[in-house]
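Q: Take the sequences, apply the hints, and build the full model.
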Amino acid sequence: MENSNEKIEIQGPLSTNRRRRALGFTNISFGWWILSIFVLLIIIGFIRKIFTPNANYFDVFIWIINLFLMPFGLSLGTIDYRAPIILRGLADGASLTFIISILSVVVGFFLAALLAIVLVNKNHLYGLKILAQMYVDFFRSTPLLVQILIVYFGFAQIFGNIIRNLNIPGFSYEVFAGTLALALNTAAYQAEIIRSGILAIPTGQTEAARGLGLTSSQTMRYVILPQAIRLIVPPLTNELINVLLNSSLVSAIGVVELTKMSQTLQAKYFLWQVYLIGALFYFVIAYTLSKITKKLEIKLRIPGLGVAND
Amino acid sequence: MTEEKVHENLSGTEPLIEIKNLYKFFKDFQAIKAPGVNLKIFPKEVLVIIGSSGSGKSTLLRCMNRLIEPTSGQIFFEGVEITSRSINIDEIRRNIGMVFQQFNLFMHLTVGDNIRLPLQKVLKLPDDEIEKRVKQVLETVNLLEKLDNFPGELSGGQQQRVAIARVLAMRPKLIFFDEPTSALDPELTGEVLQVMKRLVTEFHYTLVVVTHEIPFAKEVASRVIFMDEGEVIFEGKPTVVFDNPPNERLRKFLSKILEMK
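Going down the list, the sequences are from chains G and E. The first sequence begins at 1 in the working numbering and counts up one residue at a time. The second sequence begins at 1 in the working numbering and counts up one residue at a time.
It is possible that some hints are incorrect.
[What the hints assert, rightly or not] Derived pair list, reagent style PhoX-like, types lysine-lysine, alpha-carbon separation capped at 25 Å:
1. G:K129 - E:K27
2. E:K173 - E:K44
3. E:K197 - E:K237
4. G:K299 - E:K146
5. E:K197 - E:K44
6. E:K44 - E:K20
7. E:K20 - E:K40
8. E:K197 - E:K33
9. E:K237 - G:K122
10. E:K237 - E:K256
11. E:K146 - G:K122
12. E:K218 - E:K237
Keep in mind the hints are simulated off the structure, nothing from the lab.
A: Given below as structure tokens:
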């Protein structure tokens with residue numbers, strides 16, 4: 001009985017839903033399709049950037065908007081003469097925002113890992129532990145804007161000339177100082193996240209590993225850290241998005257990233273909607289990053305130690 | 001003490017572990033009371049430690065491979081003092097297996113990798129030898145089909161058997177069991193106890209077992225130690241301890257446990 005029922009369904013004409021599902025367009029996977037296309041476009045943008053240094057990562061999106069308008073005999077420029085300039089400018093700013101935040105999170109992560117390992121150590125390590133604790137306390141208890149200003153003016157004499165002499169296009173001292181300040185700030189927060197991840201692993205794991213004869217560094221490397229990594233992916237995602245949004249503060253030292261660019265364009269055209277489009281850029285990047293890390297979370301999941309729930 | 005009588009047949013052999021005046025003081029209470037515990041563990045014997053919770057059984061066990069640092073006292077393993085600072089304790093621990101109450105399998109590794117990890121990183125064996133041992137120990141505990149499963153996918157009893165297999169693969173000289181069945185459902189304790197019995201009857205391992213399983217202790221123990229409030233109260237053969245307890249506190253403890261059952 002049950003078998004014949006199934007057969008009839010399969011042989012019958014496909015419903016819209018079924019056809020969609022057959023193509024992989026379910027409600028759940030729809031978001032992933034959009035995401036994959038978006039990531040693909042960014043990759044295209046990156047490759048283009050290698051060959052044409054003037055391009056920016058989000059150029060491709062402007063092309064696509066133009067492509068949709070083409071059948072109607074329109075383009076962005078003919079609808080509003082300001083649109084291509086604004087979009088192009090914001091895309092430039094978004095590229096810089098993206099690079100600055102990714103770079104500072106990655107640099108910050110390595111610094112944070114070192115800090116966390118010092119902080120979870122039972123020994124004082126000749127004052128190193130107190131120094132690490134002071135570092136974390138300082139960067140968590142002062143405003144990011146002040147930190148950016150301190151780094152910008154504090155390192156100007158040491159690094160200012162060196163970086164100007166390097167003469168890399170697009171890499172000014174302002175960008176360097178802004179990225180450094182963000183990296184130092186996020187390192188303090190990430191150190192606490194990693195520390196909590198390490199401490200969340202039950203002591204039984206350490207006992208078992210040490211009981212089998214593994215040294216303390218082997219225990220850390222093969223037993224504790226691999227499990228801690230899985231626990232800290234969600235809070236690290238949070239931190240990643242925080243840094244992305246906080247990076248708007250580096251506009252204060254004259255880095256022309258998304259926020260600064262919005263301000264400039266708004267001042268040029270007296271058009272408040274520029275900020276709205278700027279916000280949309282932030283949203284798209286943050287949303288994409290959160291989706292990617294969610295995917296990572298599910299990839300890393302193991303039975304009995306899962307964090308992701310779908 | 002009845003130590004003399006108990007050791008009559010073993011007096012010639014060298015003890016595997018010898019503890020002298022072991023004393024442990026935590027911040028706020030004495031886990032093992034001064035003047036401390038004196039104990040000898042001989043090869044091929046099964047030493048069962050019983051006692052109510054908080055009596056220092058687990059502390060004593062953990063002090064013996066220095067998972068907990070004793071406050072004072074000496075521990076000798078095969079005549080070598082392992083409490084001295086100059087000794088590399090990791091070298092000693094590979095000869096002393098330990099099975100825990102909460103299994104403590106590495107959750108991020110498969111059953112196979114759980115067993116492989118210490119063989120690779122501690123004993124540094126060649127790959128073919130590792131694979132041979134993994135197969136062999138999993139056969140011993142009857143879990144060969146779970147080789148590629150994660151610990152989270154196994155039942156408690158199966159997890160504990162994997163933990164035993166992981167210890168066996170190291171070919172230790174003696175194995176500590178810290179309440180191996182306390183975290184298990186009553187129906188699952190049987191399979192773990194059966195594996196432990198096999199270790200004694202077939203492989204003649206030296207075991208030190210902290211347990212509340214009186215029938216099991218009666219069956220396999222060659223010597224029983226009763227601890228209470230941080231000191232060894234009574235030591236003797238299982239027949240004496242369980243059938244005809246001569247000590248008041250021991251009698252009370254046993255009647256409490258049997259009441260529960």
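Q: Look at each hint and say if it fits the structure.
A: A quick look at each hint next to the structure:
1. Of the supplied pair hints, the one linking G:K129 and E:K27 holds, its CA atoms being roughly 23 Å apart against a limit of 25 Å.
2. Proposed proximity of E:K173 and E:K44 is supported: the alpha carbons are some 9 Å apart, at most 25 Å.
3. Pair hint E:K197 plus E:K237 holds up; C-alpha atoms about 18 Å apart against a cutoff of 25 Å.
4. Annotation: proposed proximity of G:K299 to E:K146 holds, straight-line Cα distance about 22 Å (limit 25 Å).
5. For the proposed pair E:K197 and E:K44, the alpha carbon gap of about 13 Å is at most 25 Å, so the pair holds.
6. This hinted pair checks out: E:K44 and E:K20 have alpha carbons roughly 21 Å apart, not beyond 25 Å.
7. Restraint check: the Cα-Cα separation between E:K20 and E:K40 comes to about 9 Å, which is no more than 25 Å; the hinted pair holds.
8. Between E:K197 and E:K33 the CA atoms are separated by roughly 32 Å; this puts the pair beyond 25 Å, and the hint is violated.
9. Using a Cα cut-off of 25 Å, the hinted pair E:K237 and G:K122 is violated, with the two alpha carbons roughly 43 Å apart.
10. Using a Cα cut-off of 25 Å, the hinted pair E:K237 and E:K256 holds, with the two alpha carbons roughly 20 Å apart.
11. For the hint pairing E:K146 with G:K122, the CA-to-CA distance comes to about 37 Å; that exceeds 25 Å, so the pair is violated.
12. Simply put, E:K218 and E:K237 have alpha-carbon atoms about 9 Å apart, close enough for the 25 Å limit, and the pair holds.
Checked against the numbered hints listed earlier, the structure breaks hints 8, 9, 11; every other hint is satisfied.
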